[in-house]
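Chain order of the listed sequences is P and V.
Position one of the first sequence corresponds to residue 1 (full-length UniProt numbering), numbered consecutively onward.
Position one of the second sequence corresponds to residue 1 (full-length UniProt numbering), numbered consecutively onward.
To be clear, the hints were calculated from the coordinates, so they are not data collected in a lab.
Idealized CB from N, CA, C, for every residue including glycine.
Warning: the hint list may mix true and false statements.
Partial pick of chain V residues on the chain P-facing surface, computed with a CB cut under 8 Å [as the list claims (entries may be wrong)]:
| no. | residue |
| --- | --- |
| 1 | LEU54 |
| 2 | GLY55 |
| 3 | GLU93 |
| 4 | MET95 |
| 5 | LEU135 |
| 6 | GLY137 |
| 7 | ASP179 |
So the chains spell out like this:
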Amino acid sequence: MDLRKLQGERRSREAGKLLPYAGYIIQSGVAVVLLFILIAFSAWYTSVLKDVPAGVPIRWIMLAALLPAAVHSSFRTYLQPADAVFLLPQEHRMHEYFAPAWTRGTVWKGLRLLMALLILWPLYIRTEESPKSLLITAALLLGVKLLSAYGCWRELKMLSPAASAGYRLLRWAVGGLIIAAWLWQPFHKGLGFSMLLAAAYLAALAVPARHAVPWERLSAQEKVQSGRAQMLLGWFVEVPGRQQRVYSRRWLSRWGAELPWRRDSAYRYLLTKSFARGDILGIVLRLGLLALALEWWNRGSLVGAGIYLFFLFIVGVQLSALSKLHGDSFWLTVYPLPENSRSRSTVSFVFRAHLALALVLWLPFVAAAGSGMLPRALGTLAAGAALVLIVRARLGRKMRSSDDDDF
Amino acid sequence: MSAAPVLEITGLTGGYSLNKPVLHDISLQVQPGEMVGLIGLNGAGKSTTMKHILGLMTPHKGGIAVQGRTRDNDSAGYHSALSFVPESPLLYEEMTVREHVEFTARAYGVNRADYEARSRRLSELFRMEDKMDSLSGHLSKGMKQKVMIMCAFVASPALYVIDEPFLGLDPLGIRSLLDFMLEIKQSGSSILLSSHILSTIENYCDRFIVLHQGRVIAEGSLADIGAAAGKPGLPLEQLFYELVQGGK
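Build out the structure end to end from the sequences listed, making use of the hints.
Encoded structure:
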């Protein structure tokens with residue numbers, strides 16, 4: 001059996017599933033808005049570079065932007081649950097199957113890291129008092145990338161889920177310390193520390209017991225990766241049957257219990273639970289925190305309002321992805337739910353959540369309102385409310401047409 | 001039996017393709033308080049019959065009524081009157097056991113106090129008290145099947161459609177399920193049950209319907225099935241062999 005060929009065929013098949021959507025992505029309004037935002041960002045960044053403000057915390061900005069790009073690692077293995085039975089006899093040769101996945105995952109993420117570095121570099125050399133060499137910085141970051149990719153692969157193979165989670169934290173800490181040491185310390189000191197830390201990390205990775213091939217974990221991981229690709233695609237076009245990753249989030253387990261005990265709130269109950277334990281909540285929270293930080297930094301200028309509307313739009317796109325959940329649920333066909341329950345509950349849920357976030361994300365401007373900028377702050381809020389209403393109307397139209405199609 | 005049937009299927013012809021029906025002119029009834037065993041080989045049409053009852057497939061010919069309602073004239077009433085236990089558990093990964101039961105109770109409009117009492121009773125009966133707050137993805141296959149059974153029973157409708165419920169259940173779970181089915185039957189609800197474990201259902205079902213190649217080839221009590229097979233007095237399993245392959 002040619003395992004390398006099998007992996008290649010599966011990869012092509014998976015890509016073939018996504019390819020038909022390429023045209024729709026180009027046509028979709030979301031793609032146009034993102035392109036517009038990209039152009040606006042480029043113009044803003046160019047103007048910042050022309051007139052760099054004093055006191056930019058460039059080392060912290062470099063650390064915050066480069067750490068995720070250098071440490072985050074994942075692999076598309078295209079492994080299926082049935083492989084645990086049918087490919088088990090090939091376990092001793094599975095490195096042939098995994099090698100392309102490992103290489104491709106690391107190369108693409110390495111390129112992403114280099115792009116982030118190249119975008120930040122003009123700002124870095126204008127603001128840093130004693131900037132490091134671009135080539136050596138790039139080489140060091142690629143070293144961190146390789147180290148992280150290897151660490152991530154080892155984590156997947158560990159027998160104990162607790163050890164795997166612990167080593168994941170260690171990977172982020174090691175990556176963060178190496179990049180920080182490079183940015184803050186003199187050349188030799190930073191490099192020496194990085195080498196020592198990397199060696200200690202590699203030695204630590206050899207300790208935990210591990211599977212030869214972690215079949216179940218890899219096929220679960222593949223399901224998550226595939227779900228993420230579908231989710232990304234779902235921002236632009238309708239993708240049927242998307243599944244989301246589930247987190248237990250015990251602290252949110254009571255959310256939904258307070259809903260009225262009525263048949264027409266049954267779907268709302270399911271949707272609330274799906275949101276509370278799904279990946280969309282995590283994405284929205286991360287976007288929200290990033291938006292609050294950027295808005296606070298730019299609260300006195302129009303750029304702040306632009307950031308507010310941009311993030312509110314992205315949050316709206318994310319929340320609208322809830323409309324794709326349970327679209328082909330068996331039980332929604334069998335259970336006696338009121339007609340259009342799914343579309344009504346989804347639109348109402350997304351609208352409320354989006355509106356609440358519009359208010360929360362506006363809070364940094366309240367601080368600026370005191371210094372004579374109240375009209376601008378109120379205008380920003382009004383624009384945010386209008387955006388929420390537009391997202392609601394768009395989602396309502398989409399779900400109504402989907403109900404009509406089902407009918 | 002003079003009472004109006006809970007389930008009435010008349011001249012049902014259906015399947016996945018119009019040109020190649022799986023079911024051929026099937027007619028059957030399930031009376032109130034009756035447990036009926038639907039038996040047949042793999043591919044005989046049991047699951048297809050159930051899918052038609054659930055409204056997941058549209059009949060090519062014939063009709064299906066539950067408590068006199070059809071999906072065309074009263075879809076909500078039709079679906080409220082039946083609940084289903086599938087052969088393979090179908091659960092939402094985002095919900096715990098308790099939340100699945102609550103979602104079902106809400107969807108069926110079960111009164112909150114009734115839901116709480118039934119949920120407590122079912123979790124005790126199927127020994128799931130410790131698992132009520134576990135996410136469905138963390139359950140074993142047998143436990144997932146128990147959740148399906150608990151969801152169907154918390155709805156307390158007039159008709160239960162149960163497809164191969166014993167798969168994955170431990171012996172105590174099978175016993176609890178059988179005892180509970182007897183209890184709900186005595187309370188007046190009806191059960192249409194499909195199973196391959198004929199020796200188990202032989203003593204629990206009031207009547208049997210033998211499907212073979214999409215047709216009803218025998219129907220009635222154990223004695224009626226024995227008469228149809230020409231071998232009265234034999235156990236159900238033996239009679240089934242006689243009917244579908246002439247005793248070979």
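query: What hint numbers does the structure not satisfy?
result: 7
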